[in-house]
Amino acid sequence: NAGVTQTPKFQVLKTGQSMTLQCAQDMNHEYMSWYRQDPGMGLRLIHYSVGAGITDQGEVPNGYNVSRSTTEDFPLRLLSAAPSQTSVYFCASSYSNSNFWATGSNYGYTFGSGTRLTVV
Amino acid sequence: GENVEQHPSTLSVQEGDSAVIKCTYSDSASNYFPWYKQELGKRPQLIIDIRSNVGEKKDQRIAVTLNKTAKHFSLHITETQPEDSAVYFCAASGWGGYQKVTFGIGTKLQVIP
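Which chain is which? The protein sequence lines are A and B, in order. Mind the numbering: the first sequence is residues 1 to 120 in the numbering used here, read in order. Mind the numbering: the second sequence is residues 1001 to 1113 in the numbering used here, read in order.
Only chain A is shown next, with the shape it has when bound in the complex (with noise of 0.2 Å):
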């Protein structure tokens, strides 16, 4: 089990460029997010999906996209970087809670290793 794989680990872009970030899971997660983690901010929620084919709106999803095509893989986009996007991004994944009380599964985050991008 690999876990939860991200690439790149270091990208530096300059402003309007755009670039994917990977990220792709081997466990069986249903449930996979993107983080961003900027100094005395915490981990701010910028999209999420609960499937493949389903996605949402995190808390600050401006600039960014995301699809998700398979239960392994769930990518975001930047579409036209800008300096205020320099932070370091995390993906995690987790099992679903719609089975929340019936079964004993472990509901917590897995997180990627982090992207840490400098839009210059």
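For the record, the hints were derived by calculation from the structure and aren't laboratory data. Errors might be hidden in some of the hints.
Which chain A residues stay away from chain B? Per the calculated CB distances, all over 12 Å, these [stated by the list, open to error]: (1) Q17; (2) D26; (3) G63; (4) P83.
Some chain B residues judged to face chain A by a derived CB distance under 7 Å, without partners named [to be verified]: (5) Y1032; (6) P1034; (7) R1043; (8) P1044; (9) L1046; (10) D1049; (11) V1054; (12) F1103; (13) G1106.
Predicted model, so just to flag it, every value in this text is computed and none were measured. Virtual Cβ for every residue (Gly too), placed ideally from N, Cα, C.
Given the coordinates of chain A, assemble chain B onto it according to the supplied hints.
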């Protein structure tokens, strides 16, 4: 939406002492409350969690308590060690199809040898 407040933002304790981090949440529908530890430069990792049908859970030196009426939950670390130094995040989420996890702002814990 859910709002999670966490305090203190920084906490320094002497090795061997106890540390307590407190969180409050706003949405009474939330029923899952995990805690994550993030060491410097690394990813957050789940250390303990509690569900709304339980008031307390313990795992060796760490424990979490939940007061649903007051909408607050706390992390307790006993006999702290230098390796406990990290940033700790609390979180809250509901259940059902569109579970959204909201994090607190984090507490930087420093254990002084």
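How the hints compare with the structure:
With a cut of 12 Å on Cβ distances, Q17 of chain A stays outside the contact zone with chain B, its closest approach being about 26 Å. Every CB of chain B is more than 12 Å from the CB of D26 of chain A (nearest about 16 Å), matching its label as outside the interface. Distance check on G63 of chain A: its Cβ is at least 20 Å (rounded) from any Cβ of chain B, clearing the 12 Å threshold; non-interface status holds. With a minimum CB-CB distance of about 22 Å to chain B, P83 of chain A clears the 12 Å threshold, and the non-interface call stands.
At about 6 Å, the closest approach between the beta carbon of Y1032 of chain B and any beta carbon in chain A falls short of 7 Å, and the interface hint on this residue holds. With a cut of 7 Å, the hint placing P1034 of chain B at the interface with chain A holds, because the nearest CB-to-CB distance is about 5 Å. For R1043 of chain B, the shortest C-beta to C-beta distance to chain A is roughly 4 Å, which falls under 7 Å, so the interface hint holds. The beta carbon of P1044 of chain B is positioned within 7 Å of a beta carbon in chain A (closest approach about 5 Å), and the interface hint is therefore held.
Given hint, L1046 of chain B at the interface with chain A, holds; its Cβ is 4 Å from that chain's nearest Cβ, closer than 7 Å. Because the closest C-beta pair between D1049 of chain B and chain A is about 5 Å apart, less than 7 Å, the hint holds. About 12 Å separates the beta-carbon of V1054 of chain B from the nearest beta-carbon of chain A, more than 7 Å, and the hint is not met. Nearest Cβ of chain A to the Cβ of F1103 of chain B: about 4 Å, under the 7 Å cut. The hint holds.
The restraint placing G1106 of chain B at the interface with chain A holds, with a minimum CB-CB distance near 5 Å, inside the 7 Å limit.
Going down the numbered hints, you'll see the structure goes against just number 11.
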